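**Q** Keeping their order, the protein sequence lines are chains C, E, R and X. Using the working numbering, you'd call the opening residue of the first sequence number 19 and step up by one each time. Using the working numbering, you'd call the opening residue of the second sequence number 19 and step up by one each time. Using the working numbering, you'd call the opening residue of the third sequence number 19 and step up by one each time. Using the working numbering, you'd call the opening residue of the fourth sequence number 19 and step up by one each time.
The hints are simulated quantities; they were obtained by calculation from the structure and are not laboratory data. The model shown is predicted, which means the values in this text are computed figures rather than measured ones. Keep in mind that the hints are not guaranteed to be accurate.
The list makes no distinction among identical chains, and a pair is therefore deemed to hold if it is satisfied within one copy or across any two copies.
Stated by the list, open to error - Derived lysine-lysine pairs resembling DSSO-like cross-links, with alpha carbons at most 27 Å apart: (1) K88 to K42; (2) K69 to K42; (3) K69 to K88.
Listed here are the chains, written in short residue letters.
Number of protein chains: 4
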Amino acid sequence: MIRSISIGFDEAERVVVAAAVKAKAIGVPQNIAVVDAAGHLVAFRRMDGAKFLSIDIAIAKAVTAAGARKATADIMPATLPGQPGFGIQNLHGGRFTALGGGIPLVAGAAIVGAIGVSSGSVAEDIIVAEAGADAFHSSE
Amino acid sequence: MIRSISIGFDEAERVVVAAAVKAKAIGVPQNIAVVDAAGHLVAFRRMDGAKFLSIDIAIAKAVTAAGARKATADIMPATLPGQPGFGIQNLHGGRFTALGGGIPLVAGAAIVGAIGVSSGSVAEDIIVAEAGADAFHSSE
Amino acid sequence: MIRSISIGFDEAERVVVAAAVKAKAIGVPQNIAVVDAAGHLVAFRRMDGAKFLSIDIAIAKAVTAAGARKATADIMPATLPGQPGFGIQNLHGGRFTALGGGIPLVAGAAIVGAIGVSSGSVAEDIIVAEAGADAFHSSE
Amino acid sequence: MIRSISIGFDEAERVVVAAAVKAKAIGVPQNIAVVDAAGHLVAFRRMDGAKFLSIDIAIAKAVTAAGARKATADIMPATLPGQPGFGIQNLHGGRFTALGGGIPLVAGAAIVGAIGVSSGSVAEDIIVAEAGADAFHSSE
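Same shape as in the complex, but just chain C (with noise of 0.2 Å):
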């Protein structure tokens, strides 16, 4: 049998909350998007403004982190024309992605999770996606 621990809803609240407040402080609305250990959706928010075509982004971020067990801007490089991961963004019927602004979220040597943002640039939708990382990992 395999044990393991994955964030609850009190933990993937506080996640979007601090991402919601730094996007905010930059003046970007966003959605962000908080799953589980297995990929399941937790969390979701969408602030007002952020783009309805970036949602589904948003969420396939957040799958892809926690799938991959790193951030989605880590794996772009791979996907490359040339490098071996070119054309993995085709798989998952469009919930995998490696655009910047996935981010696992990691208690001791565990995935328990990940949050994805998506409605900026990728540089914002990575700082705030990044904002909400950090206030779970400072609280662990």
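Fit chains E, R and X to the given chain C structure using the hints.
**A** For chains E, R and X alone, kept in the frame of chain C given last:
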């Protein structure tokens, strides 16, 4: 030109919270989704213990209630064999459902969003969705 | 944080083998799938002669039993025309089914996975799935 | 009329086991899938610790290797920008991939199945897939 009003995050969150309070009161952890007038996700909460298989169902109920402009349970009769709507659940790639627990959020004459709830029995889902919708309508 | 236990490969394989032994005993080659508590595939076996069209059905039965936390056959009555769950099979892009042959695997109070079997009649699928589940439960 | 031969479960299982032994030897838990000549799943094993996001990728690699009749890594060059196969990964709804780690299983002049491996780096996936394929080919 078409002017419209739609639920924002603050209103959506109040709906989610009211639904979660009711879910806790009846002892049934729920997946709770709120979409805007266009059917796009605004807020989502998976209470600890809610079924992962019901995440997408909760969202589908909200999308359907917003898009069909009626409670999902009220759509059900027309979808039975021999009725004119039989088979409509096959459309929209699993985003349309007549399962009870999706309720429109109304402001004046406008549908401004919807709530969808799933993880309990249909009866429990409806009770929780109504608690969320009531919180919204009583504040209008 | 949520602590959980889930089936590992060794347990999953024992479930598959027990099911396959029963399938052979009744002379019905089967597709046998075992998923973990989160609905992710852990082990799969297609016995020689099992129908290719039933591969995805076996997996769907396991996913549904894990996610709905009950045997798929027990879900069926609520999905009949006129019942509140009518149409639920249309959700989840073909990963939800009320066809008999999906059974949760339980350890203590936790659903730690599920088995799904498909290629025979529903009655034969249930017999084989129960053999797999029994092997797991008797070893707990 | 067309006569064909295809891998059965016993052969598929030997391939999976050989791959799992190699995966353990290099310390990388893997998802290992074997499909038959028609691209239908025959055997699947998720070793404890393998990524859930790589389950479908392992299967896609096996399907592609069986269907394209070559190792998935050998398909990659033709899929790069400027090459005639650019974009082919968008087809088949995520069941086609040029990611390395899918290898056909050959008997005489016939492709009788394929193995797909995913959860490590592409290089690790290829090593493990080759171990599975070698076990099959050396026993022919």
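**Q** Go through the numbered hints given earlier and state which of them the structure violates, listing their numbers in rising order.
**A** Going through the list in order, the structure violates no hint and respects every one.
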